[in-house]
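In order, the protein sequences belong to chains R and Z.
Per full-length UniProt numbering, residue 1 is the first one in the first sequence, and the count goes up by one each step.
Per full-length UniProt numbering, residue 1 is the first one in the second sequence, and the count goes up by one each step.
Think of the hints as simulated: they come from the structure by calculation, not from any bench.
Keep in mind that a hint or two might mislead.
Claimed, not checked - Example chain Z residues on the side facing chain R (calculated, C-beta under 7 angstroms, incomplete): (1) H61; (2) G73; (3) D143; (4) L147.
Here the structure is a predicted model, which is why all the values come from computation and not from measurement.
All residues carry an ideal CB built from backbone N, CA and C; glycine is no exception.
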Amino acid sequence: MKPFTYSRANEERAAVKEIAASKGAKFIAGGTNLLDLMKMNVMQPAHLVDITHLGMKAIEENQAGGLRLGALVTNADTAYHPLVEQRYPLLSHAILAGASAQLRNKATDGGNLLQRTRCDYFYDTQTACNKREPGTGCSAIKGYNRNLAILGTSEYCIATYPSDMAVALAALEAKVNVTGPDGDRVIPMGDFHRLPGDTPHIDTNLQENELITSIDLPAKGFADHYAYVKVRDRASYAFALVSVAAGLELDGDTIKEARVALGGVAQKPWRLPEAEAMLQGQQASKENFGKVAAAYLQGAKGYGDNDFKIELAKRAIVRALLLATEMEGKS
Amino acid sequence: MKDKLEKEKEAAQPRALPPKQTVTLTINGTERQLELEPWVSLLDMLREQLHLTGTKVGCNHGQCGACTILLDGKRINSCLTLAVMHDGAEITTIEGLAKDGELHPVQQGFIVHDAFQCGYCTPGQICSVVGLVSEGKARTLDDIRDLMSGNICRCGAYNNIVKVVQEELERSKAQ
Numbered sequence: 001m002k003p004f005t006y007s008r009a010n011e012e013r014a015a016v017k018e019i020a021a022s023k024g025a026k027f028i029a030g031g032t033n034l035l036d037l038m039k040m041n042v043m044q045p046a047h048l049v050d051i052t053h054l055g056m057k058a059i060e061e062n063q064a065g066g067l068r069l070g071a072l073v074t075n076a077d078t079a080y081h082p083l084v085e086q087r088y089p090l091l092s093h094a095i096l097a098g099a100s101a102q103l104r105n106k107a108t109d110g111g112n113l114l115q116r117t118r119c120d121y122f123y124d125t126q127t128a129c130n131k132r133e134p135g136t137g138c139s140a141i142k143g144y145n146r147n148l149a150i151l152g153t154s155e156y157c158i159a160t161y162p163s164d165m166a167v168a169l170a171a172l173e174a175k176v177n178v179t180g181p182d183g184d185r186v187i188p189m190g191d192f193h194r195l196p197g198d199t200p201h202i203d204t205n206l207q208e209n210e211l212i213t214s215i216d217l218p219a220k221g222f223a224d225h226y227a228y229v230k231v232r233d234r235a236s237y238a239f240a241l242v243s244v245a246a247g248l249e250l251d252g253d254t255i256k257e258a259r260v261a262l263g264g265v266a267q268k269p270w271r272l273p274e275a276e277a278m279l280q281g282q283q284a285s286k287e288n289f290g291k292v293a294a295a296y297l298q299g300a301k302g303y304g305d306n307d308f309k310i311e312l313a314k315r316a317i318v319r320a321l322l323l324a325t326e327m328e329g330k331s
Numbered sequence: 001m002k003d004k005l006e007k008e009k010e011a012a013q014p015r016a017l018p019p020k021q022t023v024t025l026t027i028n029g030t031e032r033q034l035e036l037e038p039w040v041s042l043l044d045m046l047r048e049q050l051h052l053t054g055t056k057v058g059c060n061h062g063q064c065g066a067c068t069i070l071l072d073g074k075r076i077n078s079c080l081t082l083a084v085m086h087d088g089a090e091i092t093t094i095e096g097l098a099k100d101g102e103l104h105p106v107q108q109g110f111i112v113h114d115a116f117q118c119g120y121c122t123p124g125q126i127c128s129v130v131g132l133v134s135e136g137k138a139r140t141l142d143d144i145r146d147l148m149s150g151n152i153c154r155c156g157a158y159n160n161i162v163k164v165v166q167e168e169l170e171r172s173k174a175q
């Protein structure tokens, strides 16, 4: 790890001011991803601003009748919070499908949104990687790409964003509250992460020097009909090959509203509201779910090792929606 | 090309060393004050400054769990956190589990159930079991396996480790 300086912020505005004033500075909270990347010299901040003393550790009701998750609440405390378990079980399940108990005890909700890709070439500083070092090329496109993206890729990058939590947040239409030098703003989950295009080194639409303060969950939690299906190479503690967060609102067999978000397939949680709308007023059936799955994967592109993900993602969508439908009376 | 060379040159420049910071922690019940560089992990602090070498370095990337300790009662990977961020924290390592010369029941359980071979992952496994039990979330065998998945044992003592966890969960329920 490269030497760096460290300071502890005691107030939000001061933290933002400090990071703006110091070149190459980064915020640190849980540190479970950032410190790993610093050990590998993938990231080399010259200064760290410790934000763990800023508060932002509460889970409370918000004005929209939903919940506000403080940015510094740990993933474990979020997943096991009684209100989250009861009203947003999809989020609980998604969080618990990710990482290990030790990591979830340290990793924060804000930091989870800023996790960087697990592409092997991004981690290996001996190889070319446009995300790590813009302009050097992408080693993954013609390399080993089994766990990489099939949707929203570009000729510059095929990395995936590895979070499970964010897949559920996308399906729930959560909103990310941030503060920065120009004041506060709200970023809908759908706009938070960005596709690589020709600037794959920029993962999110969070601007430089902006700080995530909380995440708002809307009132609707799909607690009666939901499923988080994660397909991976081992039963626990592995990143998703494909994951699906599904939520349904049913009237008998008829779908009133459907939400589907995919993980492990793109640099952002993949959601297609127009395909979800295909289910509105339709029967909850395998056949109808299959049509939605086909729509989600339209235009998907494999790069050799990851071709299998296209069919796998379709099947995982159908399975998640069937599981969500069949929950009646079970919860 | 020139750009890249210059960048590499810049990256190769040694950075000036920042001053050490004072950190006060309670480790296994004893308050310790240390002067640390900001990049020292909790793991390196324990092993290299305090010579508490029971906590092991495995992967050093949060993947194996050999460095698991209890921070304010919760299990974490000590390799993935900075010591300077934990001023005032309470830390329990494998050295702090036994009380008055008596092994912690989980330590005793590892002996009774033969839950290790080489023993390298064992301190982390034991701290992880203690954390798991106090979390109170494991109900089924699958839960135990899932909630212990952050601790790798390359000797493959998993079945016996699971037995220790089951026994400890029963014991804690009875209390």
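Hint check, failures only: 2, 3
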